[in-house]
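What follows is the residue order along each chain.
2 protein chains.
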Amino acid sequence: MEALVSSPSSVHAKAIELGKQALKMTTAAGSGHPTSALSLAHIVVELMYRQMRYDPRDPWNPNSDRLVLSEGHAVPIVYAAYADLGGAVGHDRANPRYLTNDDLANLRELDSVLDGHPNPAEGFPFFDAATGSLGQGLSVAAGLALGARLDGIDKRIFVLIGDGEAREGQVWEAADFIADHRLSSVCAVFSCNGHGQADAVSPQQSPERLAEKLEAFSWDVVTLDGHDPEALSKAFARVGKGDRPLAIVARTVKGWGVASTLGKNFHGKPIPAADLDAALAELDDTAAQFGVVDVDPIEKPTAPASAPAAVARAAIKLPPFADALRKVGKESALQKKKLATRVAYGVALVALGDADDRIVALDGDVSNSTFSNMFAAAHPDRFFECKIAEQNMVSTGAGLSASGKIPFASTFAKFFARAVDQIDMAIISRANLKLVGSHSGISLGADGPSQMSVSDVAYFRSMTRVDDGRGGVACHLFNPSDPICAYRCCELMANIDGLCYLRTHRPDAPFLYPLDEQFSVGGCKKLREGNQLTLVSSGYIMHTVLEAAAQLAAAGVECSVFDAYTLPLDASPILDAARASGGRILTVEDNYAGGLHAELAEAAAKVGDVTVAGMTVSRIPKSAKSANEVFDYVGVGLNQITEQARKLAGN
Amino acid sequence: MEALVSSPSSVHAKAIELGKQALKMTTAAGSGHPTSALSLAHIVVELMYRQMRYDPRDPWNPNSDRLVLSEGHAVPIVYAAYADLGGAVGHDRANPRYLTNDDLANLRELDSVLDGHPNPAEGFPFFDAATGSLGQGLSVAAGLALGARLDGIDKRIFVLIGDGEAREGQVWEAADFIADHRLSSVCAVFSCNGHGQADAVSPQQSPERLAEKLEAFSWDVVTLDGHDPEALSKAFARVGKGDRPLAIVARTVKGWGVASTLGKNFHGKPIPAADLDAALAELDDTAAQFGVVDVDPIEKPTAPASAPAAVARAAIKLPPFADALRKVGKESALQKKKLATRVAYGVALVALGDADDRIVALDGDVSNSTFSNMFAAAHPDRFFECKIAEQNMVSTGAGLSASGKIPFASTFAKFFARAVDQIDMAIISRANLKLVGSHSGISLGADGPSQMSVSDVAYFRSMTRVDDGRGGVACHLFNPSDPICAYRCCELMANIDGLCYLRTHRPDAPFLYPLDEQFSVGGCKKLREGNQLTLVSSGYIMHTVLEAAAQLAAAGVECSVFDAYTLPLDASPILDAARASGGRILTVEDNYAGGLHAELAEAAAKVGDVTVAGMTVSRIPKSAKSANEVFDYVGVGLNQITEQARKLAGN
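Quick mapping for you: the protein sequence lines, in order, are chains A and B. If you use this note's numbering, the first sequence corresponds to residues 668 to 1318, in order. If you use this note's numbering, the second sequence corresponds to residues 668 to 1318, in order.
Among the hints, a few may not be true.
One copy or two, either will do: identical chains are not told apart, so a pair holds if it fits within one copy or between any two.
[As the list claims (entries may be wrong)] Straight-line alpha carbon distances no greater than 30 Å define the calculated DSS-like cross-link-like pairs of lysine-lysine that follow:
no.: 1; residue 1: K984; residue 2: K1273
no.: 2; residue 1: K1273; residue 2: K1192
no.: 3; residue 1: K936; residue 2: K1005
no.: 4; residue 1: K936; residue 2: K1003
no.: 5; residue 1: K936; residue 2: K1273
no.: 6; residue 1: K1273; residue 2: K1193
no.: 7; residue 1: K901; residue 2: K997
no.: 8; residue 1: K908; residue 2: K1273
no.: 9; residue 1: K1192; residue 2: K997
no.: 10; residue 1: K1273; residue 2: K1314
no.: 11; residue 1: K984; residue 2: K1005
no.: 12; residue 1: K1193; residue 2: K1004
no.: 13; residue 1: K1004; residue 2: K936
Rather than coming from a laboratory, the hints here were simulated on the basis of the structure.
Sequences and hints are given; from them, build the entire structure.
In C-alpha cells:
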C-alpha cells in the first residue's frame, strides 16, 4: 500500500488536539508522563490515522497492522487517539465497547481499561502485549511479524521506542534477530527527545549514534524531524519495501508544544491543575504558529479485510509415548528404560508440532542441549533460532503468543534468569508462553554454578497461586522425574492457556512410570508406600530419594515417597498420607529454598497436625565430576537424606 | 608502557604447548570446551606472557593489569597458562599455593580451584568475578576500570568475548557505558571463530558487523588475525593511548591447530581419550608448519610495583538519624514524623559516603526516584550514572566490588528483574554488592504492574539460608517499614560482606520507631502486644496491618504485631509470642508467595505447635489511583486483613 498523501495542517491540528487530551487526562489522574506523550503526538497521529491499515472498531482483526508502544509510559497519547477514533475495548470481539473522550478522565482508575501502561489483558485489545518495563517492544514486534509470516498475512508492525530506552541491551538483541530473520514488516521508530528521567540521555543515544548503530545492525535507517508530517509520511511509505527492516530516527521535542510551560526535563509528572490552562493555551499558540485554525477532518485509516477469530480447538493430544519415541528414532529408550527428561521434551515437542500447527519453538543457540533441535528438524518453518539472547527470545515468544501461536522457548534453565523481567511482562500480558529450562538444578555437575538454576523454583512458584483474572493462575511449574512424566507434562502445558515452566535435566533418568501413565495439573504420584515418614521430591533428585528410601527400608525405616511433579500442588493426598503414617514429611529438592518445602510447609502450617522438614541446596554449588558429588557437597546427597530421614523417623 | 616486541615463533610455541594442556585436561575431566580454548591460545599467550603487567605469584596486587574471561567456558587455556607461570591460588595472599601442571588434571574436581568456569571464590584470584553465563564480562571490566580510576591506579583491563556471545544485549550496554565514562583502560577482544554451540554464528556477529557496530558505539576498533602474534602485539600497544576504549576484532579458528581432528562445530565436548593422541600430533604438525621446533623461553610478564592489601577497617557507623537528616536539609521530616523509606535511603547513602570512601553508588536513570541523587550531589566522583541498562549496572557493581569498593546500586525494585542472572553471578562471585529497589511491592499504585515488584521477595529469599562458604549467607534481604529502620538497614548492609537487597517504597511512611532505635541482622521488632493472634508483616503494608490491629483491638480482638524487617529471620521470638497467645500467626505481605509466609510456615512446620496463615498478593495487579485500592484489589486490603484476623482469632 502507498502511504496516504499527508495533509500537514490536519496532522498538526490532530496532534495538538490529542496533546491537549494527554495533558488533561494525566492532570486528572494525578500521575503519568504527558511530556513523553507529546513527543510522540505527530508520529501517533500519522500512524493511527493515516498509515496503519486497521479498523479501530475491530482491533481483534488478525489482518490489522499493529502498534507496539515500547516506551509504554507515553501511552496517554495513544489512548487519546483511540478514544477520538472510537476504538473498541473489552475482552469480547462480539460485544465490544467503544471508547469515548469521556473515558479518558478515568486514566489509571481501578475500573478503567486505561491502565497506567499498555496492557491488553485489562481490556485494551489495540495492544498485543503489556509494556512499560523498557526495551521489550521490539522483540514483541518480532514475534508478531513471525506469526504474521507463518499465517501468510501481509501486515506491518510499528514500534515506538524512546532514545533513553535504546540503552537497554534487549533492543539490540531484537535488532539482530529482526535482521537475521529479514522481518522487513517491522518498522522501529526511535523518538529522540534527548531527555531521560533523571537527566539528558547520553551522547551514545543521540540521533547520530542511534542511526549509525542501526546501520551497523543491518537496518535501513531514515533520520527525520518527528514533528514533520510530510517527512514521517514519506518515511513510512518505505516500510516493507526492501528486504531490510526500517528504522526511523525521529528528532522529537519532550513536551512538544508546551515546552515553555514545562521547562526542561519534566518527566513522569503531570501538569499541576493550576498550570493546566497555561499549558493548553500554549498548545493553542503552537497551533496558531502552524497556521492551524480550521482544518479538514482527518481521513480515517484504511481497514484490511476482516478475518474471523481463531476457532476454538479441541484439546491437543499426544500419541502414546512409545509411538512418539519410534517416530523420532529414539525407541532404544524403551529397551534401556531410561532417557533424559530433556530428550523426552524433544520427543514431545515434535509430537505436539504434528498434532497442532500453532505449536512453534524458539531456542537460544543450545538446541542440541535442550533437544529442541528435534523440532527444528521435524518442523523447520516453525522453529526460530534466537542465538545467545534470552531476553529477546522470551519477548519474541510473547509476541508469537499474541499472534495465536503456542510458543515453546528453551534454553538452559539457568539462562531464563536472564529474562525474568521479560517473563514478568509475559505474565502480565497473559501470554500463552511455555518456557523449558534444560540442565535444571545442580545435576549437571561439572560445568559449575554459572550453569546451575537454583533460584528458579522459588521465582516461578511465587506466581503459581496468583489469580490471572481469567480463572487460571499466573504460572504453572513442572519438574518431572522421569521421561514419561516429562512427555505428559508437555501435553498438559500445551493445553493450559498461560505461562508454564518446565524443568528438564541433563542426565539420563530411569523410567519410574508405566508407558501409559497419565498426569494432571496440580497432581502428584505416590511412588512408594511406607508408614514411618513421607518423603516428597521431584525432578532428577527423585532418583536419589528413591535410592534413599530403599536403603531406609532395608534398615527397617519404611517411607512413603511422593513425586510432586507440578506446582501449584494439591497437597491434600500428601498431607493425608503423612497423617496416616506418623505425621512427618521430609522434602528433598535440588534448588534453593522456596519450592516444595515452602509449598508443603505452608499447607501443613495451616492446620499444624503434620510436621515438615526440608532439604534444599544449602550452599553455593561448585563444579564436581558427578551429580552425586554435587548433591553431597550442597547437603542433599544420598547419605544426608537417609540420615535426616532416620532422625525424623526417630530411628 | 610499550608492548614488548613479539617473538612470533615463541608465541606460537607457547600457544601450542598450552593448547595441548587444554586438550589433555578437558579429556581427563570428561567435559569442557577445548575448541573455544584453542581459539584463544595466541591471544592468551600474548596477554598473560607479554602484555599484562602483573606477577602471577601475586594476583592480589591491586596495581596489576586484569583479565576478564567473559567467554568463561574457554577457561582451560587460561588455567594452562597460569599453571605454566606458577600462578598463585587460594584465598590467602600471605600463604598462597602455586599452581603446577599437575594440578591441571584436576580440572572440575570438587576439591580443585579449577572450577568448570572462572570463579575467584573457589580460590582462583587471577579472576575478579565468576563468568560463564555469557555477556557479563565487559560490564565487570567497566567496574574494575572505575575502581582503578578512583584509586589513581594506571592499570589495564583486558576482556575476552566470543562472537556468538556478542549477541547478548548486555555487551552493548557495557559498550555504551564504557564509552560514556571514557574508560580507555578497557580493551575488549572479540574472538570470532564463527561457531556457536548449536550452529554457526549469525552474519550479524561476523567480524565485519562487529567492527562496524563497535565503531558506531564510539570505540576504537582494530580487526586482525587472532593467531598472528605480531598483529596482536601491535594492537595491544594502543590500549589506553587515546581517549576511546579499544576493541580488537580477532578472526580466530575454533579448535585452532586441531581442526581436522575435530571436524567443524565441535562445541562443549572434550576430545575422546581415543582421539587425544591424534589431536596432540596434529598440534605438533601445526608447530612444524610454523617452524616452531626449538624456541627461546618466552619472557615473563613485567610486574608493577606491589601494593599492600587493603587494611581491615572498623565497622562503618552512621551518625544519629536526626543529624543525618539535618546534614542534607531533610529535617522537616522530624516535625512531620514521616518520610518515604526511599528518601531515608538517600539520607543514609550520603552519610555512608561521608563515613567511608569505599562507598560508591550506581543508578539507572531513576536517581530522582530512588534518591541516590542525594549521593550524586554529595559525592559526585563516586556516583556512576548507568542509564537505562540494569544488567550492566549490576555487573559493573560486581566489578567495583572486586576493586575493594562497597557499591550500592539502585533502580525501581521491579527493574532488578532485568538483572537476575547478573545478581546470580555476583552471588557466585561473593561480590560485596548492595542492591536497593525503590517503589517495591504494589504501593506505587497508579503506574500499574509493569512497575511493581512482586516476585522479588521470593527470589531473594531463596538465597538467604544458603551458606556462602565464608561463614555468611548468600544474600540478606531488608524490607523496612519506616525511615528509621530503613536508615539503619543501610548501615547493617554496609557492614555485611556480601550481597544485600533493600526494598524501599514510594509513599511517605510515618515513623514507627524512636529516632535512636537499633536493628540487627536476623532481627525483628514487636510493635504491638496482643494475646489472640500474632500478625507479622514488613515494608510499607505494615502501616495497613497496624491500622487493622487498632481496629481489631477496638472490636475486642487483641493482636500482637511483629515487624520482620529482614530475612533470613530468627523466627523464635515470633513463634514464642504466638505460643503464648493462642498459637496462631497471620502474615501479610505486598508481594507474591514465597516470602514471610514461607519463612514462618517453614519454621512453624518443623514443630507443628503454631499455625500460620498467609496473605500475599493473590492476583496480577493493575493500576489504581491509591496504594489502598491496589491492596484491596489483590486481597491484602485493610478490611480483608481484619476479616481474616477475626476468622483466625475465632471472633
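Right, here's what the structure says about each hint:
1. K984 / K1273: This pair counts as neither: shortest intra-copy Cα distance 37 Å, inter-copy 42 Å.
2. K1273 / K1192: So K1273 and K1192 pass the 30 Å test inside a copy (23 Å) and across (24 Å) alike.
3. K936 / K1005: Between copies, since 22 Å is at most 30 Å while 60 Å is not.
4. K936 / K1003: between (65 Å within a copy, 24 Å between copies)
5. K936 / K1273: neither (45 Å within a copy, 49 Å between copies)
6. K1273 / K1193: For K1273 and K1193, both the intra-copy (23 Å) and inter-copy (23 Å) Cα distances are at most 30 Å.
7. K901 / K997: Classified as neither: same-chain Cα gap 56 Å, cross-chain 53 Å, threshold 30 Å.
8. K908 / K1273: Intra 63 Å, inter 67 Å, cutoff 30 Å: neither.
9. K1192 / K997: within (26 Å within a copy, 59 Å between copies)
10. K1273 / K1314: For K1273 and K1314, both the intra-copy (24 Å) and inter-copy (13 Å) Cα distances are at most 30 Å.
11. K984 / K1005: Answer is within: at 23 Å inside a copy they meet the 30 Å cutoff, but 59 Å across does not.
12. K1193 / K1004: Result: close within a single copy only, 20 Å intra versus 57 Å inter.
13. K1004 / K936: So K1004 and K936 pass the 30 Å test across copies only (25 Å; inside, 63 Å).
Comparing the model with each earlier hint shows violations of hints 1, 5, 7, 8; every other hint is respected.
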